[in-house]
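My request is simple: use the sequences and hints to build the entire structure.
Residue numbers (my numbering), protein chains in the order written: chain A, 1 to 101; chain B, 1 to 191.
Since the hints were derived computationally from the structure, they do not count as laboratory data. Predicted model, so just to flag it, every value in this text is computed and none were measured. A couple of the hints might just be wrong.
[Stated by the list, open to error] Examples of chain B residues lying across from chain A (beta carbon under 10 Å, computed):
id, residue
1, 17
2, 19
3, 23
4, 174
[Said to hold, decoys possible] Label-pair distances were calculated between CB atoms; the ranges are:
id, chain 1, residue 1, chain 2, residue 2, range
5, B, 150, A, 80, 18 to 26 Å
6, A, 4, B, 36, 33 to 41 Å
7, B, 36, A, 44, 41 to 49 Å
8, B, 107, A, 30, 30 to 38 Å
9, A, 82, B, 139, 19 to 27 Å
10, A, 27, B, 83, 41 to 49 Å
11, B, 136, A, 29, 34 to 42 Å
12, B, 160, A, 57, 15 to 23 Å
13, B, 143, A, 30, 40 to 48 Å
14, A, 26, B, 159, 51 to 59 Å
15, A, 4, B, 30, 40 to 48 Å
Note that beta-carbon positions come from the ideal geometry of N, C-alpha and C, so glycine has one too.
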Amino acid sequence: MPRAPLLGWVGLLALLGVQIGLAFLPLGQAHLYFALGVAVAMATIVAWIFMELASAPHLARIFAYAGLFWVMVLFALGGSDYATRAWTRASESPAVSGDQR
Amino acid sequence: MAETERYEADTDLIGMWLFLATEVLFFGALFFVYFAYQHLYPLALAEGVRRTDLTLGTINTVLLLTSSLAMSLGIVRPGWLGRAFVGAGALGVAFLAVKGFEYAKDIHEGLFPGAGFAAISPEAGPERIFFIFYFTATAIHALHMLIGLGLIFYAVRGKGSPVVVALYWSFVDIVWICLYPLLYLVGRGGA
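Next comes the structure, spelled out in structure tokens:
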């Protein structure tokens, strides 16, 4: 039996278990970050082992990293709007009704 | 392997990675919408998560992870390719069957964000938004799986490049890995 894919699969199931366990701990807002951290680890295992990114042609790896880079740009620029709204809100107008932050 | 054949195989592989990079941005926009609403309405989204079916979602996650393993084994051991791809496809069909059952259950419980939507939190609007995200994201994911099953069908009959099909299938798996915690876990134990 090829060992790498099997070990990857066992690792994925273990991480899934960790993720479910974390969901029931009183972590509050940190939940999202813990859950996403585990998801990123799982996605890395799939890409690195199952999709053989480790041994892929250089150009394929450049495309993979470029996709990651641009989605990070999307999150960073888009997120900067939501992350900074509270800065001006305090001095300008009362909080928008229904906002839970 | 002759030089030309190697270049052809590399080009197939590289072309699929380029397509997947565009898919990352396609799904990235969808995930960004989730993060924006998670930032604005964490309590209503947690309420939504507590109404999804964790057991069915987890069963589906295990089915997909295992089908990706099957594909990977078929690529690593070319002798196993046929059986591995059929196995991966069968697990994919099982995933869609569970998802269909789950949709029926969701709709029965009034979770579809249409006219019959039954909100339980005081903030019906954001809770409805969670289920719009839930149905949109899972439907787009299911559509990708149907395309993947079509590709597997062709690959088993000896058409196309199996490595490229396996890449696509594993990517669809990664999309589910990212969706699963957002739809079934974050906020389940209390926001």
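Violations among the numbered hints: 5, 7, 11, 13 and 15
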